[in-house]
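Student: Protein chains in written order, with this note's numbering: chain A, 1 to 320; chain B, 321 to 679; chain C, 680 to 949.
These are computed hints drawn from the structure, not numbers from a lab. Any given hint could turn out to be false.
What the hints assert, rightly or not - Example chain B residues on the side facing chain C (calculated, C-beta under 7 Å, incomplete): (1) Y333; (2) V519; (3) N522; (4) I523; (5) R527; (6) I528; (7) R530; (8) M533; (9) A534; (10) D537; (11) E543; (12) M545; (13) I547.
Note that CB positions come from ideal geometry on N, CA and C, so glycine has one too.
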Amino acid sequence: MDFLIQTVWEGLVAGVLYALIALGFVLIFKASGVFNFAQGIMVVFSALTLVGTYEKLSQLGFKGFPAAMLSLVVALAVMFVLAVLVERVVLRPLVNQPDIILFMATFGLTYLLIGVGETIFGGNPKIMITKELGLPTGSTELVLPGLGPDGRNGLVLLQHIDIAAAIIASIMIAGLATFFQYTRIGRALRAVADSHKAALSVGISLNQIWVVVWFTAGIVALVTGIMWGARSDVSFGLSTVALKALPVLILGGFTSIPGAIVGGLIIGIGEKLGELYLAPMLLGSTMGRGVESWFAFFIALAFVMFRPQGLFGDKIIERI
Amino acid sequence: MFYREAGQFKTTYRDDMAVFPILQDRIGLLVIISLAIFAIPLLGSKFFISSVMIPFLVFTLAAMGLNILTGYTGLISLGTGAFMGVGAFACYKLTTYFPNVNIIVWILASGLFSAAVGVMFGIPSLRVKGFYLAVATLAAQFFLQWCFVRIPWLFNYNVSGAIEVPERTLLGLAITGPRATPEVRYLVLLGIVALMTWVASNILHGRIGRKWMAVRDMDIAAELMGIKMLPTKLLSFAVSSYYCGVAGACMMFLWYGGGEANDVFDINASFNVLFMVIIGGLGSLIGSFFGAAFISSLPTTLKFGLPAMGIPITGATAEHMTFIVTGSLIIFFLIVEPHGLARLWQIAKEKLRLWPFPY
Amino acid sequence: MKADVGQMGAAGPAAGAVMLEVKDVSLSFGGVKAIRGVSFDIKRGEIRAIIGPNGAGKTSMLNVINGFYHPQAGTITYKGAQREKMRPYIAASQGIARTFQNVALFKGMSTLDNIMTGRTLKMHKGLGWQMLRYGPAMAEEVRHREVVEKIIDFLEIEAIRKTPVGKLPYGLQKRVELGRALAMEPELLLLDEPMAGMNLEEKQDMSRFIIDINRQMGTTMALIEHDMGVVMDLSDRVVVLDYGQKIADGTPAVVQADQKVIDAYLGVAH
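Could you put together the complete structure from these sequences and hints?
Tutor: Structure below.
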């Protein structure tokens, strides 16, 4: 029983991270209709910038919390520059092109970011500067009386950084929701999400909105990168994992922020349970390993067959 | 001046419906085919044939396959790599069980297995389209990739965990395995590509091709005209996956040869083929050739071309550069000509027709 | 001219048996009631106009007739058989063809290919022959090309045969769409605002085509149109919808004089 709880907890934590990547997706998709394939890479890229800057600073003898904060500022600045560049170089010339063309452009962006990232920071995995950023490390063992095997006390291991991740993610989502709901730019964003043309006609600057949205997605990416990097390490291997955000989107719908969160948690827990129960059933517990790599997509697939519009989407009425 | 269709009158509908109605096009095609058959094996170096021409032809097949699905039927797939893998493994199993049947037969038959798998994963296309479908096809990609690694029966329990290509001959000449020369492998591949291009062109110019394009352009109107969605889309998945499967089998047996790893059929392969289709031109067969030529030759060009031009470059940097250049070129091409190289080709032909006059 | 055509229409071939009967049909999307208990019939060989202000449920009515929407209540009887819940392709195979309010052509294809697509249901050669594009497949292709060329001649669009339809002006697109529907050799042709956005000359051409199709081929038609002049001239009988309900039904002259129709169009003081 404690093993199951541990698995669910692990799934929950992974789910929070999927949800964060999906959130970045949703932000951009809502505001610009672009299916931003590069979101996963933006996560790695921003985290690499953070760690890489800190490394450079520590070589100069500048270490500890202040240096980490400076690195954070640098990483944020880089994400802002990236947002501006994306808007100028990619989105602006491609406005009014079909969706698939913009989608492909973000593919190009993905490759570009991988190349640039590896050229500047090297291809080796890096260690996230968790402690220097003032984030908690270490873990707590939670004793669950009577839930272990044979009625003994069960143990569940909680990493402090995971708890911090869940809290920070909640704060960030609440912040974003407030920003969307109550600020001028937030209102403009929602207007753009509904209709580009109508938004333009009332004097909203699309270009400005796009920069804001991509920058916001960049911030979300940086936070995701820090959390994820603290759990494993920072490398481009993460970008394949980031594809897991796609089934999350199918579950939650491409435009729904609550959908991204709920979907992320379902996928996170679902795939961990799949690994636990399905893998031994399919090919035995050793050969069956890695069910995680596709199970999330099957959940999404099964879901699509019965509710194509996603958890929170409206029923689609086709018109002609 | 020389590229005119004036004076070429069509007196029957059959003539008017030919794939190449213009005489000059037919001459050009003949020239290209004879160059490919005679000049390249005779004049090209072994290196050029095995690391430029063979990859180009293999990817052309895959790009054609994906173009049938994405360019002609409007369904995005990110599972191309896995469908190619199914072809490769099917071919391996077939030639293991029936070593006496000619390998070319098995290469062509292995596509049928991909087609079956493709149809299975194509079923969600009835409910969803666009990006939702793309994500659904990722399920195929990751699931099949997992199977390739986890089911040892597929690679005959080899210790390497990979396909080990045996030697197979045609009329006493080795066409697969370590002893097969690049020239022979190239010519076999050329034959397969030529045959399958011809078949694809035939299908696309007929009733079935029109049905696919109707579904792509306006699915609701197509259904109101009596086109059934599910069979049409699944047929597209089947034919598309067939082409990808044959491409995969060719890739393993005629390009990589023995002892290579299986991770060539990963998600990056899917992406690469998608790039080829987009850069070449969605919904254009000739675009598949252009796109495949462009993307498949890019790494080689950078790796060997830049040092030749006097720019020193190490292996790792070359790899990073490939990423940067590929990424930038994709964005550049999309901005300059979103309809791909095929559109540029069409425009060039249009201009040539009028030349030396501008209009 | 106007009166002339009108009289001919009234005395035209509209004397056949009932071909399609719509009875008490209701359709709603969520809370929105698009059609509320509408009944009418279409007789073989007639031109039946469906008119009404914007949002009256006209297009929804056509969508119900060709199986794209499924009504929550009511029955539809077509050629004597009451129809079950069906998919649009079945309607197509039963001989119902359709044009659309906002042109729904296959934009990436040429005029010729668009109209050839209309022959899909009549072409049967399988994948094997298609792969070779030779023998029976080619013969079939040529045979249907001949039919399509006749339609192209009829609609006077020879010059744009090989132009991608996306490049054509609106009026011509509408004409190609009519051609595509004709290629299905329909028994019942549904025309959704065939003359919307056209100038006078184009309207005259289109009216001529519609009358010719009705007379020469004996095709039954249901026509949605906002231009009252056109409706009164072309149609044999008119049904008027307003807010999803039928408010009048009869010959153009009767409908024109109906007080409810006048109120619906001009508004009424409450």
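Student: For each hint, tell me whether it holds in the structure or not.
Tutor: Structure-based check of each hint:
no. : hint : in the structure
1   : Y333 : holds, 5 Å
2   : V519 : holds, 5 Å
3   : N522 : holds, 4 Å
4   : I523 : holds, 5 Å
5   : R527 : holds, 5 Å
6   : I528 : holds, 5 Å
7   : R530 : holds, 5 Å
8   : M533 : holds, 5 Å
9   : A534 : holds, 5 Å
10  : D537 : holds, 4 Å
11  : E543 : holds, 5 Å
12  : M545 : holds, 6 Å
13  : I547 : holds, 6 Å
Checked against the numbered hints given earlier, this structure breaks none of them.
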